[in-house]
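Residue numbers (the numbering used here), protein chains in the order written: chain A, 1 to 284; chain B, 1 to 284; chain C, 1 to 583; chain D, 1 to 583.
Everything labelled a hint here was simulated from the structure, so no lab data went into it.
Take the hints with a grain of salt, since some may be wrong.
[What the hints assert, rightly or not] Capping the alpha-carbon separation at 20 Å, the derived lysine to aspartate or glutamate pairs in DMTMM-like fashion look like this:
(1) B:228 / A:237
(2) D:128 / D:98
(3) B:230 / A:227
Values in this document were obtained by computation on a predicted structure and should not be read as measured data.
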Amino acid sequence: MVILKELGTPIKIVWCPGCGNFGILSAFKSALVDLGLERKQVVMVSGIGCHGKIVDYVNINGFHGIHGRVLPLATGIKLANSELTVVGFAGDADCYDEGWDHFCHAARRNVDITLIVHNNMVLGLTTGQTTSTSQPGFKTKSTPFGSISPPLNPIANAIVSHATFVARGFAGDPKHLQNLIVQAIKHRGFSYIDVFQPCVTFNYLNTYEWFRKRIYKLEDEGHDYTDKWKALEKSLEWGDRIPVGIFYKEERPTYLDQLPHLKAPLTKISIGNVDITEIMENMA
Amino acid sequence: MVILKELGTPIKIVWCPGCGNFGILSAFKSALVDLGLERKQVVMVSGIGCHGKIVDYVNINGFHGIHGRVLPLATGIKLANSELTVVGFAGDADCYDEGWDHFCHAARRNVDITLIVHNNMVLGLTTGQTTSTSQPGFKTKSTPFGSISPPLNPIANAIVSHATFVARGFAGDPKHLQNLIVQAIKHRGFSYIDVFQPCVTFNYLNTYEWFRKRIYKLEDEGHDYTDKWKALEKSLEWGDRIPVGIFYKEERPTYLDQLPHLKAPLTKISIGNVDITEIMENMA
Amino acid sequence: MKINELSVLIGGEAGAGIARSGFLFAKTCMRGGLHVFGTIYYQSLIRGGHNFYVARVNRERVYSQLDYTNLIIALNAETVMVHKNELDYGGGIIYDEDDIQLTRESLERNDLKLYPIPLKRIVREDLKERRLVMRNTVALGAAFALLQYDLRLLEGVLMDTFKANVAESNIKAAQIGYKYAEENFERNFGYRLEKLETSEKRIFLNGNEAIGLGAIKAGCKVYVAYPMTPSTGLLHFMAANERKYNMVVLQPEGEVAAINIAAGAAFAGVRAMTATSGGGFCLMSEGLGMAGMTETPLVINVAQRPGPSTGLPTHSAQGDLRFILHASQGEFPRIVIAPGDIEECFYETMRAFNLAEKYQLPVILLTDKYLLESQRSVEAFDITLIKIERGTLITERYEGEERYKRHKLTETGVSPRALPLTKGAIVRTSANEHDEYGFTTEDPEITTEMMDKRMRKLAFLTKEIEERNLAMIKFYGSKEAMATLISWGSTKGPIMEALKILSRENIVVNYLQVLYLQPFPKNKVEKVLDTAKKTIIIENNKTSQLSSLIREYTLRDVDHKILKYDGRPFNPGYLSRRIKEVM
Amino acid sequence: MKINELSVLIGGEAGAGIARSGFLFAKTCMRGGLHVFGTIYYQSLIRGGHNFYVARVNRERVYSQLDYTNLIIALNAETVMVHKNELDYGGGIIYDEDDIQLTRESLERNDLKLYPIPLKRIVREDLKERRLVMRNTVALGAAFALLQYDLRLLEGVLMDTFKANVAESNIKAAQIGYKYAEENFERNFGYRLEKLETSEKRIFLNGNEAIGLGAIKAGCKVYVAYPMTPSTGLLHFMAANERKYNMVVLQPEGEVAAINIAAGAAFAGVRAMTATSGGGFCLMSEGLGMAGMTETPLVINVAQRPGPSTGLPTHSAQGDLRFILHASQGEFPRIVIAPGDIEECFYETMRAFNLAEKYQLPVILLTDKYLLESQRSVEAFDITLIKIERGTLITERYEGEERYKRHKLTETGVSPRALPLTKGAIVRTSANEHDEYGFTTEDPEITTEMMDKRMRKLAFLTKEIEERNLAMIKFYGSKEAMATLISWGSTKGPIMEALKILSRENIVVNYLQVLYLQPFPKNKVEKVLDTAKKTIIIENNKTSQLSSLIREYTLRDVDHKILKYDGRPFNPGYLSRRIKEVM
Ligand SMILES: Cc1ncc(C[n+]2csc(CCOP(=O)(O)OP(=O)(O)O)c2C)c(N)n1
Ligand SMILES: Cc1ncc(C[n+]2csc(CCOP(=O)(O)OP(=O)(O)O)c2C)c(N)n1
Ligand code: SF4
Ligand code: SF4
Ligand SMILES: [Mg+2]
Ligand SMILES: [Mg+2]
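Build the full structure now, drawing on both the sequences and the hints.
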């Protein structure tokens, strides 16, 4: 069982001071402790972006992949070794722009992995451009006259795409986030947390302040997260009041649950002596 | 103004007899006549799949593109020449699998193009595999033990992604479909019609019969397509009763509407004498 | 009378069961101890159009179709129109007299034998069947009657191929056809098939199936692919075997997902594979580079078809060699193997998995439609020939340094490979440049060291291959020859046949098959070039990509190029004529 | 005392305004009639880490940074620690005495001049500013005092760069710095800058801006790109100019969308462009093939950085040449141009658009981080040099055959290009193989004809280029030389400087720059090789990709290779030493 101080690595953290990523990092580490997992059991997967560096800051298994491909990578790892706990860390551009192809499909497929999206509503590492969750009018070097498209609503997309665990957290409230991460990892199936992650360098609009003024907790208002319809209603809420917490949760057989022939993790199946004579007989 | 018989081409139609694509083809041709468009004004774009062949069967401008990229191609064409009417024809695998990255973004962006998805819930041209709209349990050569994931709900995804015209048609009712196409093309902004298109060769489940038994028309039940919430409710309806017709429609400035500097189609802007001295002055 | 030398063409519309009938015919021949090659030509459409299957039967090993045919089974009129000129002297046509009116006069061929049979009427009236496709089996029965072959062999094949009740009606159809031909036609067809005794155990399969078998035997546990002709057959084969062989076979949302899922699975420790064709490979190329950088073992079957772009999706070409060799940004080691026949599809796939794991890099099997979708009778595979080798894999407990280094700098370039969940090891990698531990770095020295480390694997590999004497090239024919043919991949089949034709004409040529394109077997190729009197390269592409490689590596050009890029494979007769022209 | 020969290094953390300060310094030098080169080194992070800008100033044209520096402006301690050994004899360090304690003893360099300034204190106390970044300007002011340069030039640059109020406080900061240095330091710094009169109109810009200017001037109307270092600067430049130049500049959901949107726009008739780096180019490669097949004119800037995979995202490399030459399945003509300097970025971009439209194919500008993000003072571009040529474009009315043939077979391979909405033409194309009308086909003859047609364009193009004497290579130095250097792309800068160094040592070498990589200027390269005494190739990659091309095309190897693949460009001193070593 891991203790917090074992989770550090020798790598210097190079996020901007005050970056929301710190909140996610600490929430994740504490969640691992809460969950009583061992270091070797857990694999982190990340995309490319400021968020992606998180893999270097936690002393567990890690795959710092390419931009946009957190979900397929995490899926592959879990399929191969179902004894691993696999947690993906993606950016908003990473997951909602470049990697959007995978999102709704991962939700449908329900492989037992967790996805945490560092949603700072900006491309951070490429020095600040508009992403698909940027607010209308948001001015950046790629939209100097302001973004002109309404933002994507990944929470709603997840819900209508049959995701079985859909939540939103706030990097400015790591305790709350920690709890969400614990529940997400415990959840059997695809679990997804969109995390509001203030980018103190490039997102002049969606600051800690901005979020704090608007955010409220679904659990504080008695939201029933087993009610899909209510969840959808909540997912459309935006403006003065923005909900965080668990929107939706349901139990549904995972992808691997539905493959009855698999009795053990694939990595444990010996490959030294596969017998293909029967197929060859059929070809004779 | 085009007349129906001018819309034929010398190319032999090679869809299977009875294929739902015939209904889409005839509905589209009739819609062009209804709209009183000229042949040179309209550009068809298609992906790869049985549906993609439609470009060869209509005597108007056409770009038979690659698999999954109908939306970006159509977007580019419209951006370049806003005087063109651009209609994309995609397959379900084409648009909801391979090309899913573009779908929600096209909805948000609201470029004034029309997308018609030939949704036969199967990969047709590659001889029948499961797609993301295939029903659970659907058996094909790629899922011989039956599909194990719930189908994607593109209508719902479109609505929550700010699409301004969302409809569903049925290839078995070309008259109704024709009317939908007319309205979709008339609509300013991104208009999208998912068309149930029975694949008589590979989809043994979702047959004309299957659809006919379940389909009802939204307009027959007084659905108010300006009500987003109602639209969403309808989009989740599946099973014994499945709605067709317009789910949602709203007026919102198109992408180009929001570029006030563009007074003419880009293709009409002369490029012979662009003056860059001012930028150079700034660099001096 | 020719015995056991036959070429048959079965033609009709798409959807008319042409491929199936061809398969049945060919397999029936194999069951009688004959050698068979069969190949299918079809268009990118589902119904209508024109499909045909060509089966070549012989008492000796066969490697490709021929230029001509001896018997046409025409399931529509178009088949006769398109192929009548391919009929050799004395050839025959089986056709439905209710569909097609044929006379020797109208065909302008006095030599032909016409075998009209009321195929559809038989199905409807005699068999009382609604499935019109049964007429194919009637025709097959008739064909075997003309060929005086043992009908029980076909019956056996039908029994093994279909479910009981379907098999039964097919057997009836075959019998009726057989009888009809016996009763209505003279025994004057110039070709006969005779059963041969053989102790060789043979199987009949295509390239996709051979690769699938190799993958299963090699212990592939995760197969992820999005359908794309001509690789789709492999997906179907793997999916059909998912449960029996404890695999996960997944068709994801596209090729980008496919390669990344496969890479994730490989990183976690199973043997993983994907397959696609050019357009899909484009989308995979970024993931390929990631596998290269993270030293993740992956096997990819890239199934060529004519490009550029969507091109001719159901036809064959060899236009992607250079692309595959250089795909993805930056420089990293990869292995590219181009099997040339069914046997190589099997054995090289097994080898590919070993190489991928031993050297921790992506291995590409570069194939094409003609190879993957042509069927051949081959000797059942020797499953003892290639042992599973997993290199430096560590699964239980890592006993090395206190902190495990996934990318440890070693002399060979290969690092010990612990898996996540291995005791004593935290496993970390990065698609960014990284240090030995897998932490991302931008340090110029480490960058240089890591590039050198990765590239060193190729040298190590080349050395090992040479030491173990694994075939990176193959050489056929005598050392002394008037010319040396050079090729890669599926052109091997027609070339092997062309060699036979030429040798019958006493023209002695030999043949260099380049099996490994990367690492390129420079020394071995050079040695062959050193003694070659004249070199003739044969490729299914426009720019002769193999000769560009030969130029690049050996600084020599080949003397002649025979290129074909119309989507169709070479026929051996045509090829031998072209060879003679340039000699 | 050295006058107008100076190298300055400004270093500090990411986010400390290093690039901006370097720009201000360099531009101030240019305004005084001096030549400047500036380049920025930074890491893939936003705050912290170590960034530095190197500015090289001279009375003569300069092409790259040097190996050493004369003055360091250290905005943190790390800058001194990392770079002190790069200081040439007698160099100076400007630093904040409150942050860093420096003595000649601790630096072990008696020759150095130390200029401690309380930068932050001045900002806080004298300027009463909260924006600490102003200290940079204080330091710049001080630097110009030491260099005895006219401060008004810096004031002018500040005025032109910032908004009025920001400019004002910066000017104040510069003045205070200037004064502080004048008052506190002896006039003993061994370097001085002096204004020079020049009639040449100069501009200061980097490669991305030069390409952007070229694109705008060429009439690019749709620019679509997803951010990716080091191409992102071009996106920013185009976005900033979207309104003024009547363009649509769009950042879509990814690179797959980007290239397809650009292709759609080009098909509809505007000049369209996209840019990316390796990983993004992987994702574009399928669209590239589609452009090739549909004969759609496209211009793509592929901005290299070290791979494989994500590699070193903010550094420089030349590892993608072979990939770019062969990307996408099948064979189709493309043009690949590798500009080597700022001027070529501009002119070759303009040319790229002309070539793309004239020959109806994709044109790739193959660049890299070092070229795109380094700045140089150059003569203002001659906008009359390259005229817009749109080839066979028809926009109003098509007057040819009754039924327009988008892919008409012609002798040159180029077809008349009507646009949708052209009267008398229905415009149709297909990513499948197609006939002249653009209808999909699988016919073997048409397939062959169409492949030949498309590939014919390359021959036509090569002929035209030769007739018009467009430079596909450039040659520098005298014909008679002890050795010939060969390179492509951004290595040009350091090589030009190395030539100067060598010639000062009376070592005569000349230099062949290969500007067009495809079509490869075989004859021209061969001619140079014919007379070269010894050839030395210089590349920023591991496998020497240009020499593989030379081998492939000319069947000759180069004599020596100088390769560097640590993400950093060559410095000219180092390079000239390596050249001497192999000579
Ligand atoms: C295929 C590809 N395209 C573009 C990039 C360049 N790139 C690096 S990080 C990044 C996105 C950063 O945005 P986000 O995912 O939101 O992460 P953040 O930095 O905000 O955490 C991009 C586009 C890349 N690495 N790969
Ligand atoms: C990148 C890429 N991957 C795969 C293919 C192979 N392919 C051809 S058509 C097709 C899909 C057909 O399904 P759908 O889009 O639903 O069209 P339908 O045939 O059902 O009309 C696929 C996967 C391709 N052409 N390109
Ligand atoms: S740029 Fe933004 S997201 Fe990136 S480290 Fe800085 S604050 Fe965080
Ligand atoms: S396979 Fe299905 S979708 Fe394709 S043409 Fe036939 S019926 Fe239509
Ligand atoms: Mg972000
Ligand atoms: Mg479909």
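So, going through the hints one by one against the coordinates:
{"no.": "1", "hint": "B:228 / A:237", "verdict": "holds, 13 Å"}
{"no.": "2", "hint": "D:128 / D:98", "verdict": "holds, 17 Å"}
{"no.": "3", "hint": "B:230 / A:227", "verdict": "holds, 17 Å"}
Checked against the numbered hints above, the structure violates none of them.
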